[in-house]
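Participant: Single-letter residue listing:
Protein chains: 4
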Amino acid sequence: MLSFESDYILGAHEKVLEALIKTNNEVMSGYGNDIHTQNAKNLIKKACNSPDSEVYFLTGGTQANQVVISTMLKSFEGVISAKTGHIALHEVGAIEYTGHKVIELEAEIGKLKAKIVEDYLKNFWSDENNAMMVVPKMIYISHPTEYGTLYSKEELTSLRALCDEYGMKLFLDGARLGYGLMSRESDLSLPDIARLCDVFYIGGTKIGALCGEAVVFKKGEAPERFLSQTKQHGAMLAKGRLTGVQFEALFTDNLYFDISKNAIDRAEELKKLFAFRGYEFFLDSPTNQQFIILNDEQMAKIGEKCRFGFWEKLPDGRTVVRFATSFATTKEEIQALAEII
Amino acid sequence: MLSFESDYILGAHEKVLEALIKTNNEVMSGYGNDIHTQNAKNLIKKACNSPDSEVYFLTGGTQANQVVISTMLKSFEGVISAKTGHIALHEVGAIEYTGHKVIELEAEIGKLKAKIVEDYLKNFWSDENNAMMVVPKMIYISHPTEYGTLYSKEELTSLRALCDEYGMKLFLDGARLGYGLMSRESDLSLPDIARLCDVFYIGGTKIGALCGEAVVFKKGEAPERFLSQTKQHGAMLAKGRLTGVQFEALFTDNLYFDISKNAIDRAEELKKLFAFRGYEFFLDSPTNQQFIILNDEQMAKIGEKCRFGFWEKLPDGRTVVRFATSFATTKEEIQALAEII
Amino acid sequence: MLSFESDYILGAHEKVLEALIKTNNEVMSGYGNDIHTQNAKNLIKKACNSPDSEVYFLTGGTQANQVVISTMLKSFEGVISAKTGHIALHEVGAIEYTGHKVIELEAEIGKLKAKIVEDYLKNFWSDENNAMMVVPKMIYISHPTEYGTLYSKEELTSLRALCDEYGMKLFLDGARLGYGLMSRESDLSLPDIARLCDVFYIGGTKIGALCGEAVVFKKGEAPERFLSQTKQHGAMLAKGRLTGVQFEALFTDNLYFDISKNAIDRAEELKKLFAFRGYEFFLDSPTNQQFIILNDEQMAKIGEKCRFGFWEKLPDGRTVVRFATSFATTKEEIQALAEII
Amino acid sequence: MLSFESDYILGAHEKVLEALIKTNNEVMSGYGNDIHTQNAKNLIKKACNSPDSEVYFLTGGTQANQVVISTMLKSFEGVISAKTGHIALHEVGAIEYTGHKVIELEAEIGKLKAKIVEDYLKNFWSDENNAMMVVPKMIYISHPTEYGTLYSKEELTSLRALCDEYGMKLFLDGARLGYGLMSRESDLSLPDIARLCDVFYIGGTKIGALCGEAVVFKKGEAPERFLSQTKQHGAMLAKGRLTGVQFEALFTDNLYFDISKNAIDRAEELKKLFAFRGYEFFLDSPTNQQFIILNDEQMAKIGEKCRFGFWEKLPDGRTVVRFATSFATTKEEIQALAEII
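Chains as they are written, first to last, in our numbering: chain A, 1 to 341; chain B, 1 to 341; chain C, 1 to 341; chain D, 1 to 341.
If you are wondering where the hints come from, they were derived from the structure by calculation, not from laboratory data. Treat the hints with caution; some may be incorrect.
No copy is singled out in the list; a pair is fine if it fits within one copy or between any two copies.
Listed below are the simulated DSS-like cross-link pairs for lysine-lysine, each with C-alpha atoms no more than 25 angstroms apart in a straight line [said to hold, decoys possible]:
1. Lys113 with Lys153
2. Lys74 with Lys218
3. Lys169 with Lys271
4. Lys331 with Lys22
5. Lys83 with Lys113
6. Lys313 with Lys115
7. Lys83 with Lys46
The model shown is predicted, which means the values in this text are computed figures rather than measured ones.
Start from the sequences, fold in the hints, and give me the full structure.
Facilitator: Printed below as a string of structure tokens:
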């Protein structure tokens, strides 16, 4: 059956898999003390144009969010997030589990607007009773957002400026970063992001890897004894090679960007296809996740031959569903979809 | 200088103080294993018309909120609160510190409306992805609220019904409970509250005691080894007599209710006074906290001779301030205020 | 019935109670923003001969241990304690509850010996795998210990030296500090302790107060936003005056030391009495807690007229019990005991 | 260079890798909702002869320990472990990080003896002050232990009996379980372990997988909403297939046991070799980890051509090192070692 259910329905990109196969019988020390992990870190720093950054590998997005936030914040500090942010909504309170408040602000199609954050910060710092409140110390954004939308360079720069003004850290959740970077509407490069954020991660799980996220700390921002803290969170792989080898492959010969581009190209075809057939879009997404409004009949008919993701029910009874393309989506699949919708 | 800054600007009510003096040289075992603590518990159960409840004493409101919520919830469960609720806003994230998410919903002048909670719960339980979300397991309300407003019996009954329907606990923060019970507008008695809530507390710190809140668990609701867990939170007094003796005095000869009534009577005089002089109220509060809007000139003039609490700045530049009466406010103080405003 | 059950069986010392009575009707702002609290802090700093220290008040010993340790350590750092230390054994895991390991080392009659700590530290720092281990960052000692024993100036200086060498904090739990300072065998003064420790507290609950411990941080050691963090732990009193006024009284006219001396004098009389009557001591304690070994017959006979504390069963069937004198023990009580044993 | 540094120096067993390759392009839903994961669970339940068990996959040992312990215990409950247990020593306090005390008892070459546990439990439950102590609610053992030693069926049965008597859970950390099961000295089968333990895990990372541990809960023992809690710990893979497919391969055609047997066979050859050459063993291990005592000269000489693990320094200056065989060790490697030592 055809599936656009999510961007993690397949295994690894073939070149990533080949790298695992090729290195499988190499002897490597554990915990990332191996040359492939080292090489992967160097390739990423180069792609970020940021030789002084520090790179670490974790296995998944929620884990990356939890480890980064809990190791960068003190116990009385909280993290600002869009109400619709992944950490606010869909991680079973993983941040609160480590003792930190997620300060939820209104979002615009998944995005945190600088004006809203600034108002919050001004209010907070002028409040005579703020000694009774959690100190906002970090801004968390996802890019692309949970709705597939993107921050512009101007918007990210505004958030950076707020962080500078109020002594905060800027953290970008890039679980789908490649799909953001390769979007036609993006004016942000990887070096821009590395320059503007204190910490961010480059998602592998959804872009070509079996698992893995590469966390990039700006110079001086990596928490003390970070590997130890990773271990304390149960987040360290004994065979660190698993993520190292995969990211080495992803950042060799532009692979990460090329396969991200594939998802974007297919998404645009899919978008045109739905538009041409007169379907209504829930919102305008420039990345690999497309949100379509279906009535029950359409749901049933398409659902017979194609899987997609449930998003939400609308008050009028119709349903918002998500079609996600990925590094592996083929032109043939888009054509097959055309036969169905 | 005259002060309406808060309801905790003085020491204990004289009868509470006398009880401490009178029992000071009695030998008592520690940790609440004394007859005065036992007697206080019985008096409270009687006042609640709830002989099967379990009563425990803690020292303050934030502590009571933290200990109750963290001992009643499992790690993946969260507590619903009004956005303006004390636990959401003014406890430095004490709930999150213990690992639990505070699920913030919109409030109406401090109150959580059943409709809004119900919508949230319906959405949650019909969401196919709720395995990724914190389970709402408790409703937290404050009564009176942080804005001095009150739940009606009908409103509290509606929240109780939601808790029954969705398998949740109802927790009422009664840091100022006496002032709510004695308000002319209250149709809720202490036995009503004991019947409708799974757990609540009767505030002493703001109503006649030096410190102390009496937590009342409905039969079967007290967490396992609750005293041990209290100790684990650093919340157990070696000299448990300190809270026991004070609550024994407060619940002897109707003292708690009489002195709460005093605050309400004085608040009504204060309210009439401000109204008569043409001041604008920020909201209509039926309890001991009154919120008045002052311009800068008024702020300065009144501030010379009388202390009050800062609440918030209005967009038009004026300031909302709080005048709080208490168990100890005298008619003379209201008259003195009349000379000033 | 006569009672030597513990040193917290009575209320406050009369002068402490008088201070509470005298100030009861003074208007004071909350959370310790009052002149008595301010004055108490100054008096303590003076007694410590340490004008640059910072002083804060908490309500009890476990709370003080929990708040101090969890706010001074990072999440991957642990605290070294004697196996028999209060935090290791009798606080229901209050330290672990905040996420920190208590590293338990062997003790000698309650005391942590520098040699044992040093061996541990040497091993730790020379272990190639210590990235997988909790970093020892603090030494916790109680003085007097749970067995009533005392550290000498030389011993405390040795622990200080280890802290300097290995980048650690020295924390002294002084729940019974006065009884230690006034012991005939003590060569440590309060200024010595303030000089040698990074943080310590002066116990009030067991020495004349209804509740309260004064935490003293060396210059520069107080955690960021400490009052906020206290609030986050549920450990802040709205009526901060309760601890402020009591400590003001305790540190006026040498009261704290005089009443501590009383406990020591009575303890020496009690010790002589038991020795004279041929009772066996479990250990030699120079402070207010005396540990006597009783057989069942003695237990029963003395227990009829006098309360004491259970300590532990010996393999030979006899029982170790504790007799504690306090700030309030009278010569008459010792004489009454002489009639019983 | 030859390496016996650890049992996780290579990638996956070739059949495991083949399974990943073969299934790479199959469309599968995320989070373990795929047929391979389902099949793997069934195969494991069959191998355990325990159709009512529940099986879940996690990525590593520390993560498995942390997730299992923190989701099975209440906040005031602790876990008993040998002092040398992995959770006590080498997980950076991952258990304490989740709020639980590890109660460390003396061990015999890595093993927790029932007698020592029983003494502790008897003492605890007869202690009048145990309300101030963490409740022992779980026994944690590793099998094989960190020293390669094994529990006999009789020993495991004794620990089970203690758990039954004192209302505790028995948790077996099987990071190297296969190597234990296939040891010539083992009298415990996988069904025995499934029957005697409330929860245990079957290690994959060290036995043929790239990552992955299979946690097996006895019927009724799996924590509520376990997958949600896994997500909350950051321990859920979006591509759950990664562990599902690997364990499906490991439990097909007896692979897990066959490759474990290989490690044991090679370990016995290695053991004989060292013994024949007159080397001193630090202890007698019947599994794949062998601990040899080397002097500096031997260290240097062997170290030139072969890697091994550092274990500890002896007081006499010699060093204990570890040689580990694995699922992948070849006869040729043992022969090569013979040339070196």
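Participant: For the identical chains here, do Lys313 and Lys115 meet the 25 angstroms Cα criterion within one copy, between copies, both, or neither?
Facilitator: between (30 angstroms within a copy, 19 angstroms between copies)
Participant: Using 25 angstroms as the alpha-carbon threshold, which applies to Lys169 and Lys271: within, between, both, or neither?
Facilitator: neither (36 angstroms within a copy, 46 angstroms between copies)
Participant: State whether the alpha carbon distance between Lys74 and Lys218 is at most 25 angstroms within one copy, between copies, both, or neither.
Facilitator: both (19 angstroms within a copy, 21 angstroms between copies)
Participant: Reference check for the pair Lys331 and Lys22, CA-CA at most 25 angstroms: within, between, both, or neither?
Facilitator: between (29 angstroms within a copy, 23 angstroms between copies)
Participant: Classify it for me, Lys83 with Lys46: is the Cα-Cα distance of at most 25 angstroms met within a copy, between copies, both or neither?
Facilitator: neither (34 angstroms within a copy, 45 angstroms between copies)
Participant: Taking 25 angstroms as the upper bound on the Cα-Cα distance, should Lys83 and Lys113 be classified as within, between, both, or neither?
Facilitator: The answer is both: 12 angstroms in one copy and 20 angstroms across copies each meet 25 angstroms.
Participant: Is it within, between, both or neither when you check Lys113 against Lys153 at 25 angstroms Cα-Cα?
Facilitator: within (13 angstroms within a copy, 41 angstroms between copies)
Checked against the numbered hints given earlier, this structure breaks hints 3, 7; the rest are met.
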